[in-house]
Amino acid sequence: MAGRTNNRRYLLWLAVGTATMALAMASLLVFELAQKRAIERSSAIGSDSLTALTFQFEREFLRLRQVLSEAVAKGDASDMGALAMRNDIFQSRLTLLLESPSVAVLKSREEYRKGVLDLRPMVAELDQALGAKFINRRALADVLAELNRLGADVQALTQAANSEEARLLEQQADVMGQQNRLIVWLTLAQLALLMIASASLVVRQRRQEAERLALEQLTDELREAQFRAEAASRGKSQFLANMSHELRTPFNGLMGMLGLLKGTQITATQGEYIQTAQESAGHLLTLLNDVLDMSALETGKLALKPMAAHLPRLLAEVNALMSPLAKGKGLDFHMRLPDAPLPQVSVDETRLKQILFNLISNAIKFTAAGQVVLTLCQRMLDAHTLEVVFAVRDTGIGIEPQAQLRLFQRFYQVEGSATRRFGGTGLGLEISQSIAQLMHGAITVESVVGKGSTFTATLQLPMVAEAQVPAAAAAPAPPAPTSGATQGMRVLVVEDHPINQKLVGLLLARMDCQIDFCENGQLALERVQQEVFHLILMDVNMPVMDGLTATRLIRALPGTVARTPIVVVTADVMNEARDHALLAGANDFISKPLNVEQLRGIVQRYAAAGMA
Amino acid sequence: MFYGIRSIFVGIFMAACVSLPAAALQPATGKVVLSIAGNVGEKNSATAALFDMEMLQKLPQHSFTTLTPWDKQPIKFTGPFLRDVLAAVKASGTTIKAMALNDYQTSIPADDAQKFDVILAYKMNDADIPVRTKGPLFIVYPYDTKSELRSTVYYERSAWQLKSMTIE
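Protein chains in written order, with my numbering: chain W, 677 to 1288; chain R, -14 to 153.
Pulled out of the complex, with its shape left as it was, chain W reads as follows:
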C-alpha cells in the first residue's frame, strides 16, 4: 500500500516536472520565434539602410548642385542634357526618401521636414526651368541659391538618419539582450530542473535497489526458514518413524508373550484379561502402523504393490473382520454388491483393505445405533480400467460442513473432545485419502449432522485377464500345522535382542525345533560354516555385522551351505525393507511383532522343503 502511494507520488512529480520542462521549452520556443520574427522584420525594413538612402540622396544633391553651378557659370545649353539627367537621378533619390518604407522612422524628425519636404518647391522650380523652351539663367541661379541654402539641411538629414539608425540598432540590441537574458534564465531553470530530475531519479533508483536487495534478503531468509521448517518437520517424522520402529521391538516381545501365555493353563478370568491385553496390544499396533504409514507417505516411500485380486474374496475378508465389531456395538452391518459379476482387477489388496477397514471402523466408531452399509458400484471407464466406488453409509453423529473440509487433514478429528471419546491417531483418513490418490482415486464425504455420513472411495483399477488370478479356492492356504514336520529341524536364530531371542526360542521350541542362537551376522557366518542348519531366521539391525550383509556373505559361500534357507525377520516394515531382504538373497521376509501362526507357517514350509 505504501509502495503504491509512493509510486503515485513519484508519477505525480514526474508529470509536474515534465509539464514544467515542457512549459519552459515552449516559452523558449516562443521567445526564439519572436526573435526570429524581429530579425526578419528588421532585415525587411532595413534592407535598404537609412544611412545609405540619405547618403545617396545627399550625394546626388551635391552632384546636381555642382552640375547646376557649372551650367549657371557657363550659361549655354550644351550641358542641359546632363543637368536634366542629374535632376532625374536626384529626383529618383528624393522619391525614395518620400516613399521607401525604410524611411518611416525618419519622418517624424524635424531634419526630414527641412531636408526632404522643404526641397519640393525648389525641385518644382528646377523642373520648370529645365522644361522651358529657352534657358532661363536667372531661374537656374535662383534654384542654385536655394540649393546652396538647403545644403546644411540635407547634411543634417544624413546625420539624423545616422543617429536614428544607431538608435534603432541600440533598441534592437536592447531587445535582443533582454530576450537573450530571458533565454539564459529559462535555460538555467531547465538545467536546474534537469539536475533535480536526474538527482531524484538517482535517489529513486538507489531506493529501489535497496528495496530490491531487502526483498531478496527477505526471500533468502524465508527460503532458509522454510528449509529449516521442512528439515524440522522431516526430523520429527523421522523421529516418529524411529520411535515407532523402536517401540515395535519390545512390543514384539509383549505380544508374543501374551500369545504364549494364552496357550498355558489359565482360568477363564485370566483368559479374559489376556484377551483384553491382546486387544489393547492390537490397537496399539494399529496406531504404530498408522504412524509408520504416515512417515512413509511423507517421505514418498509408500509404494503400492498391485497384484491380480479377486474383489469378492477381499470383501468377504473385510466382512469377516468388521461384522464382529459392528455386532459388538449392536449395529447392523452389511454389504450391497452389484448384480453383475465383479471383474478381476490389479490392486494392492493390503492397502485397499486398509482403506475399507478405516472407513468402516470409523463409521462403526461414530455410530451409536442404526446401521453401517458398504455399497459397491462399478463402471467401465475404458477397455482396461474399472472404476470401483465403495460407499460406506452410517447413521451416526454426522459431520458439520466446515469440519468436512478439514476432515482429511492430519491429526484432525470431528471434535476436539472426540479424540478422547473415540480414540485413534487422527491419521487414518489422511492415510486412506493418500492411498486412494495413489490408486488414481479419491475419498469424498457427504454428511448431515445427526443423520449420518457417507464416505465414498472412488478408485480406478486396471483390469486383468481372468486366468492370471488365482481363484479364491486356489489362494495359498497355510500349510497344515503338523508339528511332526518340524520336529528336529535345526534352526539358527540370529538375533541380538535377548527378549526376542527368548520369544523366538519359545515359539520354535513349541514346534519341536532344535534351536541355536547367534548374536550377530559375523557369528552366524562362522557358525553356518561349521554346522548344517535347515533354516536361518535373520534379524537385520545387529551390532558387528547386520543381517543383510550376513545373508549376502552366506549366499557367497562355497558349497551347499550357500543354499540354506534364510528368512529375514525385522521390525522395519517400510516397503523397501522387504526388497532389500530379497535382494540380499533371503528366501522370505516376516515382520515383527512375530505372529505365531505366521512363524509356524514359514518354518513348516522350509521344513517340508529342506528335510524332504
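By construction, these hints were calculated from the structure, which means they are not laboratory data. Please note: incorrect hints may appear among the correct ones.
[What the hints assert, rightly or not] Residues of chain W clear of chain R, computed beta-carbon distances all greater than 12 Å:
(1) F707
(2) E716
(3) A728
(4) I765
(5) S768
(6) M852
(7) L858
(8) E887
(9) Q893
(10) A953
(11) K981
(12) C1053
(13) Q1163
[Unchecked claim] Example chain W residues on the side facing chain R (calculated, C-beta under 10 Å, incomplete):
(14) R735
(15) L770
(16) E840
(17) R843
(18) F1084
All residues carry an ideal CB built from backbone N, CA and C; glycine is no exception.
Given the coordinates of chain W, assemble chain R onto it according to the supplied hints.
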C-alpha cells in the same frame, strides 16, 4: 522583309530553346540604353554590345509580380530574362559587373542568371520606367519565389537605373 522574317525566326527559336546561341547582333538604331562590355562574343560597336529599347523588346518577354523592399505594394515587372540578354551577346564569364546611372556598382555572379528567372525590367506595372523611378532598366530577381532571394545579398545585386554591364 528579310529582316522581319529573320527576327520572327529567331523569336521562335528563342521561345523554343532559350539557351540556343542568338544570331549576330544588329547595330542599335535608337537611343542606347544598355552597353555590355568585357567577355562578349557579339559586339555591335568597337568595344561593346549596345542595346536600344527596341532590341530588348525583341527578346522573349517575361513578367512577374513581386514585392520589393523599396515599395509597399507588389509591382509587376516586365522585360527579357537576363540570361537571354547575356546569350544574345554570347557573354562568357563568371561575374557581371553592373553599373547604374548614379555610379552605383554591383557584382552579380553569372550563375544567378541561370539559377533564377532574373528579369532586365523596362516596365513597371506595364509602364515605362523613367529615370526618376529607377529606370530605364532595372535588374529584378523574383524575390517572392524563394526565401533566399529576400536577403540583402540579392537586394544589393538588384541594380536600378542600370546603364551598363561588364562581363568578367
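Each hint tested on the structure:
Residue-level check passed: F707(W) sits 22 Å from the nearest beta carbon of chain R, beyond 12 Å. Not every CB of chain R lies more than 12 Å from the CB of E716(W), the least distance being 9 Å, so the non-interface label is violated. With a cut of 12 Å on Cβ distances, A728(W) falls inside the contact zone with chain R, its closest approach being about 10 Å. A cut-off of 12 Å between C-beta atoms contradicts the statement that I765(W) is not in contact with chain R; the least separation is 5 Å.
Not every CB of chain R is more than 12 Å from the CB of S768(W) (nearest about 5 Å), against its label as outside the interface. Consistency note on M852(W): stated as away from chain R, and its beta-carbon is indeed over 12 Å from all of that chain's, at 19 Å minimum. Interface exclusion of L858(W) from chain R stands, the closest Cβ pair being 27 Å apart, more than 12 Å. Even its closest Cβ contact with chain R, about 57 Å, leaves E887(W) beyond 12 Å, as expected for a residue assigned away from the interface.
With a minimum CB-CB distance of about 66 Å to chain R, Q893(W) clears the 12 Å threshold, and the non-interface call stands. Residue placement check: A953(W) keeps its beta carbon more than 12 Å from all beta carbons of chain R (closest about 119 Å). No Cβ of chain R comes within 12 Å of the Cβ of K981(W); the nearest lies about 98 Å off, and the non-interface call holds. C1053(W), annotated as away from the interface, keeps every beta carbon of chain R farther than 12 Å; the closest lies near 97 Å.
Every CB of chain R lies more than 12 Å from the CB of Q1163(W), the least distance being 132 Å, so the non-interface label holds. Contact between R735(W) and chain R, as hinted, is supported at the beta carbon level, the nearest pair being about 8 Å apart and thus within 10 Å. Annotation: L770(W) was flagged as interfacial toward chain R, and the flag holds, the nearest CB pair being 8 Å apart, inside 10 Å. Against a cut-off of 10 Å between C-beta atoms, the interface hint on E840(W) is violated, since the closest Cβ of chain R lies about 18 Å away.
The interface hint given for R843(W) is violated, since its Cβ lies 21 Å from the closest Cβ of chain R, which is over the 10 Å cut-off. Annotation: interface hint on F1084(W) violated; nearest CB of chain R at approximately 88 Å, more than 10 Å.
Hint compliance for this structure: hints 2, 3, 4, 5, 16, 17 and 18 are not met, and every other hint is.
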